[in-house]
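K.L.:
Put chains B, C and D on the given structure of chain A with help from the hints.
Below are the chains, spelled out letter by letter.
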Amino acid sequence: MASSSIFGLCGALLIGMGLYGFITHPHLLRRLLAFNVIGSGIFLLFGATAARLPSAATDPVPQALIITGIVVALAATALGVGLVLAYARVTGRTTLPEDGAPTDPGKPPR
Amino acid sequence: MIGPSGPMLPLVALIWPLLLGLVALLPPVRAHALRLLPLAPLPAIGLAFLGGQGVTVVPDVLLGVTLGAGRPAMLLLTLTACLWFAAAVHAQKSMKGTANPAVFSSFWCLTLAGNLGVFLAQDVATFYVAFAAVSLSAYFLVVHEATAEALRAGRLYIVLALVGEVCLLVAFLIGASAADSLMIGQIRLALADAPLGTFAVALLVAGFGIKAGLMPLHVWLPLAHPAAPTPASAVLSGAIVKAGIVGLMLFLPVASDITTIVIALGFATAFGGALAGLRVRQPKAILAYSTISQMGLVIALVAAATRSPGGDMAYAAYYGFHHGLAKGALFLGVALVAGSRGRWRSGGLVLLAAVALSVAGAPLTGGGLAKAAAKTGLGAWETFALTLSAATTTLVLGWFLVRLAASPTKHAEDDAEAEGARHPHPLIAGPVVALALAAVVSPWWLWSAWSGLPADYPMRLATLWSAAWPVALGMAAIAAMARANWPAGTLEAADPLRAARAAGRRLAPLKRVPGSLATMRAAIADRSTAAVRRAGTVAAKGAETLEGALLQWRISGLAIVVSVLAIAILAAR
Amino acid sequence: MSATLPILILLTSLVPAFITFFLPQERHSVRNLLNLGGAVLKLGLIVFMILEVVQGTIYETRISFAPGLYLLLRVDALSLLFVSLSALLWLLTTIYAIAYLGNKPEMSRFFGFFSLCVAATTGIALSGTLISFFIFFELLTLSTWPLVVHKQNAKSIAAGRSYLAYALPASAVLLIAIIWLESSVGPVEFATPANLERLDDNSLRMIFALFIAGLGVKAALVPLHGWLPAAMAAPAPVSALLHAVAVVKAGAFGVMRIVLDVFGLERMETLGVGLPLAVLAAFTILWGSARALQQQEIKKRLAFSTVSQVSYIVLGVALASPFAVIGGLVHLVHQGLMKITLFFCAGIFDERAGITRVDALDGIGRQMPWTSVCFSIGAIGMVGLPPTAGFITKIYLGIGAMQADAPWVLAVLAVSTLLNAAYFLPLVYRIWFGDAPTPVPAGGGPTERPLGLIAPPVITAFASIAVALLAASSFSPLAWATLIATRDYLR
Amino acid sequence: MSVSLAIVALVTAPLVAALIAVILPRWGPWLSLLVVAGNAAALVVLIPAIVSQGALTLPIGGWQAPLGITLRADGMALAFLTMAALVMAAVLVSARPEFGGGGEVTETRRQWAFWPLALLLWSALNVVFLSRDLFNLYVALELLTVSAVALVAIDGKADGLGAALRYLMFALLGSLAYLLGAALLYAQHGTLDIALLADQAIGGRAAVDMMAVGLMTAGLAAKTALFPFHAWLQPAHSGAPAPASAMLSALVPKASFAILIRIWFEALPGLATPPLLVTLGAMGAIAIVYGSVLALRQTRLKLMIAYSTVAQIGYLFLIFPLAGGDSYMQPWAAGAWTGVMFHALSHGLAKASMFLCAGLWIVAAGSDRIEAMRGLASATPMIASAFALAAVTLVGLPPSGGFTAKYLMLTSAFVSGQYVWAAVLLIGGLLSAAYLYRPLAVAFARDGDAVFKPVPRLAQAMPLMLALAAILLGLASQGPFALMQIGRPSSAEAGLQ
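Protein chains in written order, with the working numbering: chain A, 53 to 162; chain B, 1122 to 1694; chain C, 51 to 541; chain D, 37 to 533.
Same shape as in the complex, but just chain A:
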């Protein structure tokens, strides 16, 4: 098995795990974390594509793209965390109301 395949499979695994968490967890922070897990999986997969050329040389483009992507994901995560914090501050909740699970047990609602 080529290393690129291992990278690819790991990436896919990460994406799957992250996706499961992203969709099933009502807790917003967990969702953000799951988002990052998916993101890591995609970047891993992307990285693996660098090896797709038949020659030994690796493709430099994916690296550049991954770095950019990480920055973008970071920005999105930052916004998300900020929103989650503000939301928790205002409502005392860490989940969206329609997603069922009540408030975070650690913090009484205000």
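Note that these hints are calculated values from the structure, not bench results. Hints may contain errors.
Now the stretches of chain A that chain B is said to cover, found in silico as 3 or more residues with beta-carbon under 8 angstroms [stated by the list, open to error]: (1) 68-77; (2) 134-141.
Think about it this way: if two alpha-carbon atoms lie no more than 20 angstroms apart in a straight line, the pair counts; the simulated EDC-like pairs of lysine to aspartate or glutamate are [claimed, not checked]: (3) C:Lys-350 to C:Glu-401; (4) C:Lys-201 to D:Glu-134; (5) C:Lys-205 to D:Glu-407; (6) C:Lys-205 to C:Asp-455; (7) D:Lys-193 to D:Asp-404; (8) B:Lys-1662 to A:Asp-111; (9) C:Lys-154 to C:Glu-401; (10) D:Lys-489 to D:Asp-195; (11) C:Lys-350 to C:Asp-409; (12) C:Lys-201 to C:Glu-76; (13) D:Lys-193 to A:Glu-150; (14) B:Lys-1217 to B:Glu-1266; (15) D:Lys-489 to D:Glu-407; (16) B:Lys-1214 to B:Glu-1266; (17) C:Lys-205 to B:Asp-1647.
Even for Gly, the Cβ is constructed at its ideal location relative to N, Cα and C.
P.N.:
Okay, now just chains B, C and D, sitting in the frame of chain A:
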């Protein structure tokens, strides 16, 4: 624009009254508008006596107006113009001080124009317009006094007049399309074998029959004629009914399928009308019934003349001419008798009796001449019927004279004046006398030109006998009835609608039908809107439920993931 | 010149419309001047155009939207008939509206949409393609709504809703019809016959039915007429506009265009759709009359009368025989003149004497003679009695019916005449012979002034008699209709 | 050269201005005006250039694809850029009273944040419309999402924050799906440039490609708020302040939709299959009916307008089954494609106008319940006209851009025999008339006696300008029509099959 062509006098005869009608409405004229009335028929009288040969065409007006009168129509036109003039003179006195003289005068002129128009029209559009003018604006003459019974009579009149208009319109349309022309002559020819031709003829008979009082369409006539002011009654009964007659003369096609029926109806009307007249007591109503009866005869004469291609309308016109003058004299005479006392009153009654005899067709009178001439165009039993009708006419007119003699002297406005007012005003008496004389005498003058019979024919014994015995029979009947203290005449005024009213009462539940239909319609509409609304609500509720579900990230997120696969799979197919 | 004149005619109402929107309420003299000026100018241009068209000039303007989707303004005889009618009546209605509404609020909005409405009508008349027709048709729908709801009370808002509820689905149906047709035969211009062979007969029948359904709402064909009586909540000048000049007429005009120019009389015959349309029109005539008989409000009665009368136009073209087509065409003008007279008068009765119901008319004739005379003339015309315009129509339709071998139409005409008489003549009777309930205070009776209020109905009433009296002259609507029919459609 | 400069300016000017506005908050309003002017100037330069020379390609920094990033200004891009510029101009001007500070109150966070966010959003939008590189598009889309989400949350209230978070979830998942799709495409083809991809993918129907399009389409559909992924839209659009709502509703969905068009019609047209096209169309159709029905049920103005957006987005997806359905009988090629573009443009203008109207009315009436608008038409005639004209466009009545769109789409539907879509178009139009009628009728009623806050005329003029632009799009559709044909992909004419 193409200017009119042909002789101008017929055109002037029509436009002049219309102009006067408009002038009557001008504010300075309004109060004295009645004074204009005698002027209105003058050009028509001129036309009648100067004679208008040739055809006048005014291509721009209506659908192209064509004017001209055949010989019978011209005779009736003469009668009409003279009668309107006499009535107008009469109105100067008898209608003095009436309310709304301007409106009355205006419609008087309009009716006159229409009345003249029906005799002159050669194309169907003009005829229809003229007929509508005479028919509908006469309504205002009927209701002029605005009393309750006048208005009631007017309502019945207008309803039947409209029904008549519609019948005529449909018949004209059938005829015009069959003839592919608007000319009356061609329509008449085309009607003989047009599709729906017989139906059209039936409609024509109905439409004109309503106007002329053909039974059973006569119901309006004994109500409307007496309700109008006396001069208007005179023209209604003497001239306006002739519009129906002239219509039949112009349109009734030769050898139609229903000619015999029309003749039979005519004679039935002649006898029925006269006998029905015995039931009422009001003199003007009795006269109206007499008009119905006489018009029945004329219609029979007209229909008889269409049996064969060579038939001549001259007898009908001749008869109608006499009747118009005589009936005008009788109606105007009612006011004369009612307005005078003593010997003036007796004189009036005698004069009217003479006219009545003439109408009945007593020997050597104008009416006798007319009847004698008419008989030449008829078959055997028709001749007998015509002869016999003189008896019923004598009877009904005798009854009229009796009732008139018994009527109280009406002199309300002059009571304050001196006793010298017992003699009637010349403007009242003049027209009556003139018309009476004309009725009795003028048929002699026209005899050889219109009857086509030798000049001594009226003096022949057979003629005299056939004219005399029915009149004698009628007089005998009068005598008998007078002895029996007049068993007739239980009704003060005519009441031809009793049956209709009873039927109306019986059919009253039908009145609720439109209402219940409307309710039903509304209920259906409500129910269907409600159903639609319910369906909408259900759909919206469903959508809202779905919306609540989709709001849950678990469902929506899964949907996105699933759709990724779905799109990939679909793209792979 | 020949390319700009149609545009100019359109602009004579569009420009006043847009300026009026931005005029402050109190600038009424400017507003009146603007609107009257526009109307007079338009009439002048149309007269000029008629003279030129008689000499053979062809007016055609194209404004392209997308390739193949263009606005074509083209003047032909039929459009001239409609446009001159609407221009004349617009002028009168404007005069009337200025006098009627006086200084009420929201006048700028009112007159703005009023002018827009007329611009749309002009556009409809001048449209040379189906799509141009549709665009103006919709513009008309939209610009009429603010007029219908002008009073802004619950009743008029409901009327406006019902108007749109009928008009918008109808426009959807119309659009389907247009697009279905054009997607197969290409853009349809009225001047050139469409190549209908590309569609099979059943599709064509469907398309025809869709066209009639789409236009039938505006033409108030039963059962699509429900909006019209409701729209009576609008002020009288609007009703006059709706019933006589713009909306209803646009529908009828549309039916004419479809029958005469898109399908053609022969095609309609081979498809066998003329008879169903004629039956529908006939049914509408009778139904409208029967419903009018039940109404106790004057304007409602008039509205149902419109339902009935407009279908004469449809009936005429549906019968497709020469006289019937002429009758239908000429009734476009005749109905306009007579109906607008009635609405003008009903408006005066309402505004000056507060009369809205039939039984309140008793004896008004003496107090308001001019209005009453005009109303009576209009009513007699509607019945179709001579010497008013109505009877010319009836003669032509009747002969046309016989030509088309449809004698049942005569029965329809007869019954309709009687029904018309039954619901109109009692009004006339009440006006002149009814007992006025209360004695009128001396000098304090209702007034028929200012002149702007009474002159328009007098003019239209006079005109509705004049067009009948001079029907055979070469300048009458009848002559024009005959010219249109014989030259363009009855080959 | 000036043309390249103009293209670059379209992208960078708002970006730079956003950065400055972060540092110098007071300058925000003025900078935005400057950007509006700059943008307008750039478009004035670009449009004639494109019309005379055809579509322009600009490799950034001279680096050619596949290594470099290509910007390409074609007709569609310019049409969208122009629409965005108009909407942004109106939004930025209308936002001044609310977010301009003006010195009378102390500056709040929301006033500080609004201008950079709006400018960022604009910059990202312009990039999306111009870029031809899938990864570059991803970055721009993310930037767009981040600024849009932040705008939703700008008030810092519970509802807004919740809506923003919900939006964020959809957007993140959508972005990730898109990114994964892009990665897969790169693995298969070794390039992310659309033109190169199109060259490579001709004839190929690799499984990876299908997975990639699946991912990208689903992700973008979620961001466009296509039914059934629209749940985030209504709280987000109705919860944001009116100017933000206008941008969110009018512009943001168009960005992801534009990328969808680029992918399907330019990069990988060969992958479309009839069932897929019908499915996408059906989702659009359901969105139309579903959104309209829900809009009918709303009693609050902004909610209703937001649902209207759900419905109107559905029309955009009818492009998939309809494109290419034009016949020889019609003189235009790509009628349906152009029709949908017209719809996107006119919806953008009209919806922005409507949200601005709603914002002003809510301020005037003090409530966003439709019933509270009773009598507002007399008090604010310009807003009422703007709302009415916008409604005319959305319903698709002539003479508006919406009508041109509908006409083109309907004709295609009929010509290609796809009557179902025609029915959907018409039903959608009628339903939109039904829900848009209610606020208008209420505003026109006079029987209320409420007292309204006065609205400045300039603020009233902005939505009117937008609505008039939407009408003008129909009245003068010849120009935009011709413009959009420049650089049009051939698949727009032939259809996706």
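K.L.:
All hints are to be evaluated individually against the structure, with a verdict given for each.
P.N.:
Results of checking the hints against the structure:
1. 68-77: That given contact holds, which follows from 4 residues of the region 68-77 of chain A lying within Cβ reach (below 8 angstroms) of chain B.
2. 134-141: violated (count 0)
3. C:Lys-350 to C:Glu-401: The given pair, whose Cα atoms are some 16 angstroms apart, holds under the 20 angstroms limit.
4. C:Lys-201 to D:Glu-134: Outside the cut-off at roughly 35 angstroms; violated.
5. C:Lys-205 to D:Glu-407: holds, 17 angstroms
6. C:Lys-205 to C:Asp-455: It is violated: about 46 angstroms lies between the C-alpha atoms, which goes past 20 angstroms.
7. D:Lys-193 to D:Asp-404: This hinted pair holds, its Cα atoms lying about 17 angstroms apart.
8. B:Lys-1662 to A:Asp-111: Violated, at about 55 angstroms.
9. C:Lys-154 to C:Glu-401: Distance ~13 angstroms between C:Lys-154 and C:Glu-401 Cα, so the pair holds.
10. D:Lys-489 to D:Asp-195: With Cα atoms ~25 angstroms apart, D:Lys-489 and D:Asp-195 exceed 20 angstroms; violated.
11. C:Lys-350 to C:Asp-409: holds, 14 angstroms
12. C:Lys-201 to C:Glu-76: holds, 18 angstroms
13. D:Lys-193 to A:Glu-150: holds, 17 angstroms
14. B:Lys-1217 to B:Glu-1266: holds, 13 angstroms
15. D:Lys-489 to D:Glu-407: Given pair D:Lys-489, D:Glu-407 holds - Cα atoms ~16 angstroms apart, limit 20 angstroms.
16. B:Lys-1214 to B:Glu-1266: holds, 16 angstroms
17. C:Lys-205 to B:Asp-1647: This hinted pair holds, its Cα atoms lying about 19 angstroms apart.
Checked against the numbered hints above, the structure violates hints 2, 4, 6, 8 and 10; every other hint is satisfied.
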